[in-house]
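Protein chains: 2
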Amino acid sequence: MIIDVSDPADPRLADFVGLRDAQLRRSEDRFIAEGLKIIERAFAAGAPPRSLLLQPRWLDGVLPLLTRFPDVPVYVGTEAMIEEVSGFHVHRGALGSFDRPAEATWEALLGARRLLVCEEIVDHANIGAIMRVAAGLGWDGVLVSPGSADPLYRRAIKSSMGASLELPWRRMGGAADLARLREAGFTVVASTISPRAVDVDAFEAPEKVALLLGTEGAGLSREWLAAAGAHVRIPMTDRVDSLNVATAAAILAHSLRQRG
Amino acid sequence: MIIDVSDPADPRLADFVGLRDAQLRRSEDRFIAEGLKIIERAFAAGAPPRSLLLQPRWLDGVLPLLTRFPDVPVYVGTEAMIEEVSGFHVHRGALGSFDRPAEATWEALLGARRLLVCEEIVDHANIGAIMRVAAGLGWDGVLVSPGSADPLYRRAIKSSMGASLELPWRRMGGAADLARLREAGFTVVASTISPRAVDVDAFEAPEKVALLLGTEGAGLSREWLAAAGAHVRIPMTDRVDSLNVATAAAILAHSLRQRG
Numbered sequence: 001m002i003i004d005v006s007d008p009a010d011p012r013l014a015d016f017v018g019l020r021d022a023q024l025r026r027s028e029d030r031f032i033a034e035g036l037k038i039i040e041r042a043f044a045a046g047a048p049p050r051s052l053l054l055q056p057r058w059l060d061g062v063l064p065l066l067t068r069f070p071d072v073p074v075y076v077g078t079e080a081m082i083e084e085v086s087g088f089h090v091h092r093g094a095l096g097s098f099d100r101p102a103e104a105t106w107e108a109l110l111g112a113r114r115l116l117v118c119e120e121i122v123d124h125a126n127i128g129a130i131m132r133v134a135a136g137l138g139w140d141g142v143l144v145s146p147g148s149a150d151p152l153y154r155r156a157i158k159s160s161m162g163a164s165l166e167l168p169w170r171r172m173g174g175a176a177d178l179a180r181l182r183e184a185g186f187t188v189v190a191s192t193i194s195p196r197a198v199d200v201d202a203f204e205a206p207e208k209v210a211l212l213l214g215t216e217g218a219g220l221s222r223e224w225l226a227a228a229g230a231h232v233r234i235p236m237t238d239r240v241d242s243l244n245v246a247t248a249a250a251i252l253a254h255s256l257r258q259r260g
Numbered sequence: 001m002i003i004d005v006s007d008p009a010d011p012r013l014a015d016f017v018g019l020r021d022a023q024l025r026r027s028e029d030r031f032i033a034e035g036l037k038i039i040e041r042a043f044a045a046g047a048p049p050r051s052l053l054l055q056p057r058w059l060d061g062v063l064p065l066l067t068r069f070p071d072v073p074v075y076v077g078t079e080a081m082i083e084e085v086s087g088f089h090v091h092r093g094a095l096g097s098f099d100r101p102a103e104a105t106w107e108a109l110l111g112a113r114r115l116l117v118c119e120e121i122v123d124h125a126n127i128g129a130i131m132r133v134a135a136g137l138g139w140d141g142v143l144v145s146p147g148s149a150d151p152l153y154r155r156a157i158k159s160s161m162g163a164s165l166e167l168p169w170r171r172m173g174g175a176a177d178l179a180r181l182r183e184a185g186f187t188v189v190a191s192t193i194s195p196r197a198v199d200v201d202a203f204e205a206p207e208k209v210a211l212l213l214g215t216e217g218a219g220l221s222r223e224w225l226a227a228a229g230a231h232v233r234i235p236m237t238d239r240v241d242s243l244n245v246a247t248a249a250a251i252l253a254h255s256l257r258q259r260g
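Keeping their order, the protein sequence lines are chains R and E. All residue numbers for the first sequence refer to the UniProt record's numbering, where the first residue is 1 and numbers rise by one. All residue numbers for the second sequence refer to the UniProt record's numbering, where the first residue is 1 and numbers rise by one.
If you are wondering where the hints come from, they were derived from the structure by calculation, not from laboratory data. Do not rely on the hints blindly, as some may be mistaken.
[Said to hold, decoys possible] Here are some of the chain E residues that sit facing chain R, going by a computed Cβ distance under 8 Å:
no.	residue
1	A129
2	R132
3	V133
4	G136
5	G138
6	A163
7	E166
8	M236
9	T237
10	A246
11	T247
12	I251
13	H254
[To be verified] Below, simulated EDC-like cross-link-like pairs (lysine to aspartate or glutamate); rule was C-alpha separation at most 20 Å, straight line:
no.	chain 1	residue 1	chain 2	residue 2
14	E	K208	E	E107
15	E	K208	E	D177
16	R	K37	R	E166
17	R	K37	R	D60
18	E	K37	E	D60
19	E	K37	R	D238
20	R	K37	E	D241
21	R	K208	R	E107
22	R	K37	E	D238
23	R	K208	R	E183
24	E	K37	R	D241
25	E	K208	E	E183
26	R	K37	E	E216
27	E	K37	E	D99
28	E	K37	R	E216
29	R	K37	R	E79
30	E	K37	E	E166
31	R	K37	R	D99
[As the list claims (entries may be wrong)] Simulated DEER-style distance windows between Cβ atoms:
no.	chain 1	residue 1	chain 2	residue 2	range
32	E	H89	R	E84	12 to 22 Å
33	R	I193	E	A125	17 to 27 Å
34	R	I193	E	P195	33 to 43 Å
35	E	E107	R	G229	46 to 56 Å
36	E	W106	R	Q258	39 to 49 Å
37	E	R257	R	W106	36 to 46 Å
By construction, the Cβ of each residue, glycine as well, lies at the ideal position given by its N, Cα and C atoms.
Using the sequences and the hints, build the whole thing.
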């Protein structure tokens with residue numbers, strides 16, 4: 001259902017207003033896919049579409065996706081109007097609003113064998129990159145601490161290349177949830193740059209691994225470090241202070257992957 | 001030498017005009033450090049300062065760096081004026097212009113044991129991230145193809161966390177330079193997602209490794225793939241199309257690192 005729109009204040013565009021407010025977006029029952037490729041991924045992941053907002057040139061790309069959803073409105077407007085509604089320059093000119101899927105259950109996550117667990121990773125690009133790494137390297141899911149960025153915020157989905165829409169993930173209640181992981185048989189492994197930690201390649205990965213990731217600057221909190229049964233590190237030079245957290249996650253997730 | 005400036009057209013600010021034009025910047029005899037932390041890294045790397053442009057609140061941070069350079073002008077202006085001069089919103093409010101250092105010599109690079117070699121990596125954030133990975137994981141230097149982004153462009157330096165200023169690197173003349181690497185005793189190793197390639201962990205790294213990195217989408221060109229003596233891959237799921245190039249570089253550089 002194609003609808004031309006020209007008034008940025010049109011109430012039908014409410015899903016697309018003020019998209020730069022990540023905090024507000026997190027509490028909503030929907031998520032925004034930006035760009036045709038991510039919109040395609042959202043459809044492929046089975047997310048129910050609410051509406052789309054795009055420039056005319058993207059119509060050919062999205063119409064095939066909507067054959068099963070003839071009632072979903074596709075609002076078509078100019079680049080300038082879309083920018084005024086959303087509050088940012090929509091580089092790829094296409095936005096989709098979808099029902100936000102339920103987070104993975106604890107039961108499903110505790111039955112897994114490889115989980116990444118993020119403590120206060122507040123940067124959306126980093127959370128997205130970590131989702132991409134987890135999905136690409138065969139990890140089963142991701143847990144994020146209460147203060148971490150939302151994996152379903154527009155920019156996080158983009159940086160995940162859509163992996164945020166596919167990979168099971170859940171927001172934790174707090175550090176106490178680390179005990180749940182241990183009780184479910186996970187070896188909780190902290191990543192750190194401390195020289196006292198074990199070189200990750202010398203660490204024999206047990207059957208179930210929950211790998212804790214902290215911020216680039218401060219690393220994991222004392223509480224999280226103390227909750228871990230093992231501390232591992234990546235052998236590094238002193239030429240840099242740290243690696244990017246998603247880069248470090250990739251090296252560790254590769255090294256600790258399930259084999260055979 | 002602190003100088004208040006208020007006119008964005010002040011000719012003394014020429015070094016800071018139009019900083020978003022990466023192509024133009026590449027041909028210049030200087031580079032721009034953005035933010036106090038990167039400015040500090042530039043001084044630490046011994047780059048000769050030309051001038052600084054910043055908001056008053058950064059003066060306390062930069063003055064200690066300038067004790068050895070009393071004649072270097074420090075232009076002080078408002079946020080709005082700096083944005084007008086530079087053409088972008090300078091988030092951290094401080095810019096430094098430095099003489100561009102000479103690239104590493106072929107002699108120095110060919111004497112190394114671990115080099116990353118980038119083919120057409122055009123994204124500045126990715127080039128910077130690759131420099132950071134190389135420095136952090138103990139690789140000796142980086143080569144970039146003619147079309148690759150400039151590791152000394154402002155945003156690349158930022159994304160490298162300053163590693164672009166420390167790590168030896170050089171721009172290649174073209175693919176023919178890969179023969180130089182072989183002649184100097186390097187095993188030229190291509191990274192690829194082809195299932196026919198060897199799992200990187202099953203590949204015994206020889207004494208001298210030059211690891212070729214291509215773009216995320218297309219990967220390495222046929223010419224570069226053909227120039228390589230070995231093809232390696234990261235074991236991946238089909239849940240994502242690819243990993244970010246710097247992320248992939250990190251896993252491979254860690255796996256193929258010099259040991260002992």
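Check your understanding: Quick one, are K37/R and E79/R close enough, alpha carbons at most 20 Å?
Key -> Roughly 18 Å separates the two Cα atoms, so the pair holds.
Exercise for review: Go through the hint on G138/E and say holds or violated, using the shortest Cβ distance to chain R against 8 Å.
Suggested key: The hint holds - G138/E has a Cβ within 8 Å of chain R, the shortest such distance being about 5 Å.
Exercise for review: Would you check the hint for K37/R and E166/R, treating anything up to 20 Å between C-alpha atoms as holding?
Suggested key: holds, 14 Å
Check your understanding: Does the interface hint hold: is A129/E within less than 8 Å of chain R, judged Cβ to Cβ?
Key -> holds, 6 Å
Review point. Taking 20 Å as the top limit, are the C-alpha atoms of K37/E and D241/R close enough?
Key: Measuring from Cα to Cα gives roughly 12 Å; hence the hint holds.
Check your understanding: Is the Cα-Cα distance between K37/R and D241/E 20 Å or less?
Key -> holds, 12 Å
Practice item. Please work out if K37/R and D238/E have their alpha carbons no farther apart than 20 Å. Key: Judged against 20 Å, a Cα distance of about 17 Å means the pair holds.
Check your understanding: Hey, K208/E versus E183/E, does the alpha-carbon distance stay inside 20 Å?
Key -> holds, 11 Å
Check your understanding: Between K208/E and E107/E, is the straight-line Cα distance small enough, at 20 Å or below?
Key -> Measuring from Cα to Cα gives roughly 15 Å; hence the hint holds.
Review point. Taking 20 Å as the top limit, are the C-alpha atoms of K37/E and D60/E close enough?
Key: holds, 13 Å
Exercise for review: Mind checking the alpha carbons of K208/R and E107/R for me, to see if they're no more than 20 Å apart?
Suggested key: holds, 14 Å
Review point. Is the straight-line distance between the alpha-carbon of K37/E and that of D99/E 20 Å or less?
Key: holds, 18 Å
This entry satisfies every hint, going by the numbered hints stated previously.
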